[in-house]
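Engineer: One line per chain: the protein sequences are A and B, in this order.
End of the first sequence sits at 287 in the UniProt record's numbering; the numbers just go up one at a time, nothing left out.
End of the second sequence sits at 287 in the UniProt record's numbering; the numbers just go up one at a time, nothing left out.
Rather than coming from a laboratory, the hints here were simulated on the basis of the structure.
Warning: the hint list may mix true and false statements.
Just so you know, same-sequence chains aren't split out, so a pair can sit in one copy or run between any two.
Simulated pairs of lysine-lysine, DSS-like, Cα-Cα distance not exceeding 30 angstroms [to be verified]: (1) 76 <-> 187; (2) 285 <-> 25; (3) 187 <-> 9; (4) 220 <-> 191; (5) 32 <-> 187; (6) 119 <-> 245; (7) 285 <-> 187; (8) 187 <-> 47; (9) 47 <-> 194; (10) 32 <-> 214; (11) 9 <-> 220; (12) 5 <-> 67; (13) 9 <-> 194; (14) 214 <-> 76; (15) 47 <-> 9; (16) 220 <-> 25; (17) 76 <-> 191; (18) 214 <-> 47; (19) 76 <-> 25; (20) 245 <-> 76; (21) 67 <-> 9; (22) 166 <-> 214; (23) 194 <-> 76; (24) 25 <-> 214; (25) 47 <-> 67; (26) 46 <-> 92.
2 protein chains.
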Amino acid sequence: MDSLKELSKSRSFDGNVIRYSHESKELGCEMKFHIYVPPAALTQQKKVPVLWFLAGITSTDENFIIKSGAIRYASKEGLLLVCPDTSPRGCKIAGEDDSWDFGTGAGFYLDATQEPWSKNYRMYSYVSKELFQLVNSAFANWVQTDNHGMMGHSMGGCGALNLTFKNPGQYKSLSVFAPICDPSNGKLGAKCFKGYLGDNQDLWNQYNPSHLAKSYQGEKLDILIDQGTADEFLNTDLFPETLTKVQNPNLSFTLRYHEGYPHNYFFISTFVEDHFNHHSSKLNKFC
Amino acid sequence: MDSLKELSKSRSFDGNVIRYSHESKELGCEMKFHIYVPPAALTQQKKVPVLWFLAGITSTDENFIIKSGAIRYASKEGLLLVCPDTSPRGCKIAGEDDSWDFGTGAGFYLDATQEPWSKNYRMYSYVSKELFQLVNSAFANWVQTDNHGMMGHSMGGCGALNLTFKNPGQYKSLSVFAPICDPSNGKLGAKCFKGYLGDNQDLWNQYNPSHLAKSYQGEKLDILIDQGTADEFLNTDLFPETLTKVQNPNLSFTLRYHEGYPHNYFFISTFVEDHFNHHSSKLNKFC
Chain A
1 MDSLKELSKS RSFDGNVIRY SHESKELGCE MKFHIYVPPA ALTQQKKVPV
51 LWFLAGITST DENFIIKSGA IRYASKEGLL LVCPDTSPRG CKIAGEDDSW
101 DFGTGAGFYL DATQEPWSKN YRMYSYVSKE LFQLVNSAFA NWVQTDNHGM
151 MGHSMGGCGA LNLTFKNPGQ YKSLSVFAPI CDPSNGKLGA KCFKGYLGDN
201 QDLWNQYNPS HLAKSYQGEK LDILIDQGTA DEFLNTDLFP ETLTKVQNPN
251 LSFTLRYHEG YPHNYFFIST FVEDHFNHHS SKLNKFC
Chain B
1 MDSLKELSKS RSFDGNVIRY SHESKELGCE MKFHIYVPPA ALTQQKKVPV
51 LWFLAGITST DENFIIKSGA IRYASKEGLL LVCPDTSPRG CKIAGEDDSW
101 DFGTGAGFYL DATQEPWSKN YRMYSYVSKE LFQLVNSAFA NWVQTDNHGM
151 MGHSMGGCGA LNLTFKNPGQ YKSLSVFAPI CDPSNGKLGA KCFKGYLGDN
201 QDLWNQYNPS HLAKSYQGEK LDILIDQGTA DEFLNTDLFP ETLTKVQNPN
251 LSFTLRYHEG YPHNYFFIST FVEDHFNHHS SKLNKFC
């Protein structure tokens, strides 16, 4: 992959945290992402499963790798972690940087159809196709190319659910922290959907986990959802029970409420070990 | 403590991460600090030991609490964690913000004697006296006021060693990550010592762990030192073996070199569990 540039590399828990940049064709800009290569891949010359984390609004590729405490568990469970950015960067679209919850940092993991966003704001195709293929090809010596799992937080929880439901089999395990489950009916989701997708409700449904869950027909998925009761977005944006009340024999939901926990990484770090165990029990059984 | 203002509070690992601000008399400015209150203090109505972490140059009170993964262990071991800032802030001293390694963010945990620094740059007295007393009085319902331990990283490792050696009995356990052990002979240390203390080598010695270690006469201390071999400051600033070669029957050193590890928080997070075990085995035996 001659387009992949290594920006930094640091030892952690006997593996390597590496930050790369590359020119994205889908997004038309340079993008950064982080990976963590666990010692199992480095030293035991054994290929490992891949676990993705999609971050929330205002985050970059750095937040989860720095703040979540996840490296310990990625190292222990032998999972190669991939942390993409949350939107295109520096595309110089008018209005891109005007608000914290639209444009830069808020790509919502969808392919925009509205001008002026439709050329660059293609995070759905970027993450699920371009970066997926790049990871499998660039890191072919480290990863099991057919054994990926998916996590996400908030907007990234919405993305994690959508990408998994829309690509049956591509991600074999799924868990989310405080996900936006019904974006069409939430403040943040509706603002972004209107801006990126216009008024077409059929399009909105294509990026709404609570809608997609109804027709999902892939392999059975057991989805772990952690949610804090003191989450400041719970009643305006997240609506986990709209998702978990969907009746689909191919989906089961474990929704855990945690008394007093907010929306931030102090919450995520508390429960991230359980998520790695959830993914490892699925992904590592193929080893 | 009516001067203590709660800026934020977040649940994590069944305890609370709290950020405070207060008016520091020693420093003549408003200062921020973080604490983590473990569940043992909150729910078991039991007082717990206090563990301090002094951060390195350019850090604030946020770095360790956000990046180290330490909360998991503070929760498990039942230690109340205190993370001070690294210098006075906003004192409007000419030159304060001109370089990354002097002035703001680089207080070096000493009491400056040179103008214009001597009025505000009193981090030694701030941490070891003012904030020590504030923690014991403001959090008297949570902490064992006579049972504190001390950690630090880089410049904060230097501070942790100095504060402990200069105040026998005040900190009963001690560990450091990549500490500056002989600041008088290092690039960063000599620049700060010259600026804050002038040319008086007797004064420099009073903040040099490798000098103070020779005359330490307090209770026996077993000091854990972790050091990465790929640390970019190892050969210009840290000099751990200048410290560990000091012969003093009241001090023992466990210096561990870690192949390929750098100076950052990916290094710290890898070994922080061992440090909490080190402190807990000393501090919790009084319970």
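Engineer: With reference to the structure, classify each hint as holding or not holding.
Structural biologist: We went through each hint and held it up to the structure:
In the homo-oligomer, the alpha carbons of residue 76 and residue 187 never lie at most 30 angstroms apart, since the shortest distance is 38 angstroms inside one protomer and 38 angstroms across protomers. Taking the shortest alpha-carbon separations for residue 285 and residue 25, neither the intra-copy value of 35 angstroms nor the inter-copy value of 60 angstroms comes in at or below 30 angstroms. Within a single copy, residue 187 and residue 9 get their C-alpha atoms only as close as 38 angstroms, which misses the 30 angstroms cut-off; across copies the closest is 25 angstroms, which meets it. Taking identical chains as interchangeable, the C-alpha atoms of residue 220 and residue 191 are never at most 30 angstroms apart, the minima being 32 angstroms within one chain and 62 angstroms between chains.
Proximity of residue 32 to residue 187 under the C-alpha cut-off of 30 angstroms is restricted to the intra-copy arrangement: shortest distance 28 angstroms within a copy versus 33 angstroms between copies. Taking the closest pair of Cα atoms, residue 119 and residue 245 never come within 30 angstroms of each other, the shortest separation being 36 angstroms inside a single copy and 63 angstroms across copies. Taking CA atoms no more than 30 angstroms apart as the test, residue 285 paired with residue 187 passes in neither setting, with 40 angstroms inside one copy and 52 angstroms between copies. In this assembly of identical chains, the alpha carbons of residue 187 and residue 47 never lie at most 30 angstroms apart, being 42 angstroms within a copy and 44 angstroms across copies at closest.
With identical chains, the CA atoms of residue 47 and residue 194 are never at most 30 angstroms apart, being 42 angstroms at best within one copy and 53 angstroms at best between copies. Taking the shortest alpha-carbon separations for residue 32 and residue 214, neither the intra-copy value of 34 angstroms nor the inter-copy value of 49 angstroms comes in at or below 30 angstroms. Proximity of residue 9 and residue 220 under a CA criterion of 30 angstroms is satisfied in neither setting, with 37 angstroms inside one chain copy and 39 angstroms between copies. In this assembly of identical chains, the alpha carbons of residue 5 and residue 67 lie at most 30 angstroms apart whether taken from the same copy (24 angstroms) or from different copies (25 angstroms).
Taking identical chains as interchangeable, the C-alpha atoms of residue 9 and residue 194 are never at most 30 angstroms apart, the minima being 39 angstroms within one chain and 34 angstroms between chains. Within a single copy, residue 214 and residue 76 get their C-alpha atoms no closer than 35 angstroms, and across copies no closer than 41 angstroms, so neither meets the 30 angstroms cut-off. Proximity of residue 47 to residue 9 under the C-alpha cut-off of 30 angstroms is restricted to the intra-copy arrangement: shortest distance 20 angstroms within a copy versus 42 angstroms between copies. Proximity of residue 220 and residue 25 under a CA criterion of 30 angstroms is satisfied in neither setting, with 33 angstroms inside one chain copy and 62 angstroms between copies.
Within a single copy, residue 76 and residue 191 get their C-alpha atoms no closer than 40 angstroms, and across copies no closer than 42 angstroms, so neither meets the 30 angstroms cut-off. With identical chains, the CA atoms of residue 214 and residue 47 are never at most 30 angstroms apart, being 35 angstroms at best within one copy and 51 angstroms at best between copies. For a Cα distance limit of 30 angstroms, the shortest separation of residue 76 from residue 25 qualifies neither inside one copy, at 34 angstroms, nor across copies, at 47 angstroms. For the homomeric pair residue 245 and residue 76, neither the shortest alpha-carbon distance inside one copy (34 angstroms) nor that between copies (36 angstroms) is at most 30 angstroms.
Taking the shortest Cα distances, residue 67 and residue 9 sit within 30 angstroms of each other both inside one copy (17 angstroms) and across copies (17 angstroms). For the identical chains of this complex, residue 166 and residue 214 are intra-copy neighbours only, at 12 angstroms inside a copy versus 67 angstroms across copies, given an alpha-carbon limit of 30 angstroms. For a Cα distance limit of 30 angstroms, the shortest separation of residue 194 from residue 76 qualifies neither inside one copy, at 42 angstroms, nor across copies, at 46 angstroms. For the identical chains of this complex, residue 25 and residue 214 are neighbours neither inside a copy (32 angstroms) nor across copies (62 angstroms), given an alpha-carbon limit of 30 angstroms.
In this assembly of identical chains, residue 47 and residue 67 lie within 30 angstroms of each other by CA distance both inside one copy and across copies; the values are 26 angstroms within and 28 angstroms between. Taking the closest pair of Cα atoms, residue 46 and residue 92 never come within 30 angstroms of each other, the shortest separation being 43 angstroms inside a single copy and 56 angstroms across copies.
Checked against the numbered hints above, the structure breaks hints 1, 2, 4, 6, 7, 8, 9, 10, 11, 13, 14, 16, 17, 18, 19, 20, 23, 24 and 26 and satisfies the rest.
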